[in-house]
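So the chains spell out like this:
2 protein chains.
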Amino acid sequence: MRVKEFGEEDPRRVIHSFKVGLALTMVSLFYYFKPLYDGFGVNAIWAVLTVVVVFEFSVGATLGKGLNRMVATFVAGGFGIGAHHLASLSRPTGEPILIAAFVFIIAAVVTFTRFFPKVKARYDYGFNIFILTFSLVSVSGYRDSQVWTMAHERLSTILVGSSTAVIVCVVVYPVWIGEELHNLVVTNIENLGEFLVGFGDAESNNNGKTLGEDHKSVLASKSNEENMANLARWEPGHGRFRLQHPWKQYLKIGTLARECAYKVDALSSYLNPHVQPVDEMGSRVEAACRELSTECGRVLKELALATRKMKRPKPADAMVASSRAAADNLKLVLDTSKWDRQRLVELVPIAALAAVLLEIAETTERIADAVVELSSKAHFKSADSAVSPEQPSPPPAAALPVSSGGA
Amino acid sequence: MRVKEFGEEDPRRVIHSFKVGLALTMVSLFYYFKPLYDGFGVNAIWAVLTVVVVFEFSVGATLGKGLNRMVATFVAGGFGIGAHHLASLSRPTGEPILIAAFVFIIAAVVTFTRFFPKVKARYDYGFNIFILTFSLVSVSGYRDSQVWTMAHERLSTILVGSSTAVIVCVVVYPVWIGEELHNLVVTNIENLGEFLVGFGDAESNNNGKTLGEDHKSVLASKSNEENMANLARWEPGHGRFRLQHPWKQYLKIGTLARECAYKVDALSSYLNPHVQPVDEMGSRVEAACRELSTECGRVLKELALATRKMKRPKPADAMVASSRAAADNLKLVLDTSKWDRQRLVELVPIAALAAVLLEIAETTERIADAVVELSSKAHFKSADSAVSPEQPSPPPAAALPVSSGGA
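Protein chains in written order, with UniProt numbering: chain A, 1 to 407; chain B, 1 to 407.
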């Protein structure tokens, strides 16, 4: 029962499982058919092994592993043959000592290189395979003089295995990690927008419980996004994404979305129990706060929608005109409100709310800038209704009826 | 030059690289010496391969991979032999079809199982190796009737390789991931404490720049901590850590530390430009805020110190007595302050500061509770000076000269 639910939650899990089975069965055919078996020898089993370790959920991960494995095997095979020949010059006593020294040095140097963050992000697997193949070729060379055959067979079988994995991964219902990253970042911004719109809507607040916890997932999305961007760079152009799609820009937007989420999280701690409008002035400030929350939420939702459709949004200034007007209005209300009560303590929650919301408005503007930058770097299509960035429209004179907030 | 710096930054990277070289050279000896070679046959190369893929930076990761690999090879070898025998009953035409069907089904089912979060966290590698070994044994069985020998040799060589990796990893300057997790969580709390103490110290604020960005790293530590806790559970007892050390409690503390860090991050946006005491009342509130920040910082630093030394801290109530007194003082100041200016806007930053600090004080208390819980679950030793939890001391009558703050 729970297994079925788990599969239905994301049917791609079931599809992926069938894809792995298919690729593995396909590559096993190499072993079944005698002509191929004779060609590759007992090492044909490396092709099976390659499929199992290279096949990943997304195209980017599979391609990254496959390319790493193929290139590393090729280069390390060459090094291994070289080491074997060097060592065999001092046959017989010096050879095992030299081989052991080579293995030790290569393993230590390559392992150290793997610690460098840039290497770790993209080539970790390749460097591991490099050590592996170098050891296999140079060590087996001592026993088996057919070192060339060994290196050649290992390379061919790995080419066959990697290609099978990549082809099945791309041809049958491919999961593009770049698209996943795109959707993740869009959904994160959308969730923040939903929360802010919900927070701005006083009625739904009074009903309680309508504000979800969706923004919480944004808080911890950093390592996931970075990993996805690294993998996305292995993917060729597909669908609406070109080869040189600016994946790094998604990380920039993701970072800003997280900054916004920290503040939204602070906001959620000011929910019902705290904010109780104490008097007419309090109500005015609260209304302006809710208005600002709604407008920021709308801007974020609009940005998310444009990005999801890969349409070029309006210029950043036009996008944030409404939220900026609401922020100005809140500042004006704060500036002109008279406070005729003695006790500062009653004022703290509402003042804190205003301060956080003004910061959220600022972050919203930075997110708008980053999204506009993405749309230009990624050559999103201009929407029919959107104003092209070359001809910025003058900011709307009276953007909004600012003081008639939602409270 | 940069390589040298990178090595000096964390010398364990250099040590680890030598350890990998050592283990790999050691296991290559199996291949050199003829008696061993004759015993294991050409499959001795699996031992080399195992060392390369199993050897990880920490003991927990190496042990986890090694155990996963050994158990999965053993079980999958059995399944593979079973599948081979079943298939060979319908020799010759049915056999390849049956083998292909077995491989397909096992690969699909096991791949699907790997998606379950609990499996993924601890047994992902084992399930991968299960598919691998099952395919190798059942598929090669079709060509090579010595399927028992194949399964047996694969298991023996993998035992040799895994043991070599684990022994070298544990014996030569071991890196215990549990200790790393312990230190990471302690350092995170310490960084938050440092920041709050620094924030409370008005003079250093005026000099500017003394407040670091150390708390930023706490914000994104979630996935790292979870990964470490998963690996730590593979480690045997070592040094001051027992086998059943409550690693999950560290995740609880880590989550609270992150909540605190979100608020500290909000605090850092109220630094110099915003907070300008406007009058005598503003100065009083600011002084009380700084006092509270200092006290929260001291509590966090004390908690971090006790945890680092694995000493039992004072009971939670006694730990937070000073910060609670400072929070009460801030509330009192807010409650009694008279606000004789008209404009609300000048009040917003200081009110927001007070609100955030009161929340930080609350989170500090929850961190204290969680640390005390850890110290009891992990059987930390009682410090000489600490009061045992069975005899709680009465809270100090006059905890602090509360209003003479640092401003």
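Think of the hints as simulated: they come from the structure by calculation, not from any bench. Fair warning: this is a prediction, and the values are worked out from it, not measured in the lab. A virtual CB, placed ideally from N, CA and C, is assigned to each residue, including glycine. Careful, some of the hints might be misleading.
[To be verified] Pairwise CB distance ranges (calculated):
hint, chain 1, residue 1, chain 2, residue 2, range
1, B, G7, A, P92, 32 to 40 Å
2, B, L243, A, G7, 30 to 38 Å
3, A, S283, B, D214, 52 to 60 Å
4, A, G94, B, G94, 48 to 56 Å
5, A, R2, B, E373, 43 to 51 Å
6, A, R122, B, E226, 20 to 28 Å
7, B, I167, A, M1, 27 to 35 Å
8, B, W148, A, K248, 51 to 59 Å
9, A, A101, B, N43, 40 to 48 Å
10, A, K248, B, V109, 34 to 42 Å
11, A, E5, B, L332, 47 to 55 Å
12, B, P11, A, E5, 48 to 56 Å
13, A, E5, B, A121, 34 to 42 Å
Going down the list of hints, with the structure as the test:
Separation of G7 of chain B from P92 of chain A is about 37 Å and conforms to the stated range, judged on CB atoms against 32 to 40 Å. Checking the proposed 30 to 38 Å range against L243 of chain B and G7 of chain A shows it holds: the Cβ atoms sit about 36 Å from each other. Range check, S283 of chain A to D214 of chain B: Cβ separation about 41 Å, and the 52 to 60 Å hint is violated. Restraint check, G94 of chain A to G94 of chain B: a C-beta distance of roughly 54 Å satisfies the suggested window 48 to 56 Å.
Judged by the Cβ atoms, the range 43 to 51 Å given for R2 of chain A and E373 of chain B is violated: they are separated by roughly 31 Å. For the hinted restraint 20 to 28 Å between R122 of chain A and E226 of chain B, the CB-CB distance of approximately 23 Å keeps it satisfied. Between I167 of chain B and M1 of chain A the Cβ separation comes to about 44 Å, which falls outside the hinted range of 27 to 35 Å. Separated by about 53 Å at the C-beta atoms, W148 of chain B and K248 of chain A satisfy the suggested range of 51 to 59 Å.
The beta-carbon spacing between A101 of chain A and N43 of chain B, approximately 25 Å, falls outside the hinted interval of 40 to 48 Å. For K248 of chain A and V109 of chain B, the Cβ-Cβ distance of about 38 Å falls inside the hinted range of 34 to 42 Å, so the restraint holds. Between E5 of chain A and L332 of chain B the CB atoms are about 54 Å apart, so this pair conforms to the stated range of 47 to 55 Å. Checked against the hint of 48 to 56 Å, the C-beta distance between P11 of chain B and E5 of chain A comes to roughly 49 Å, which is consistent with it.
Range check, E5 of chain A to A121 of chain B: about 19 Å between beta-carbon atoms, so the 34 to 42 Å window is missed.
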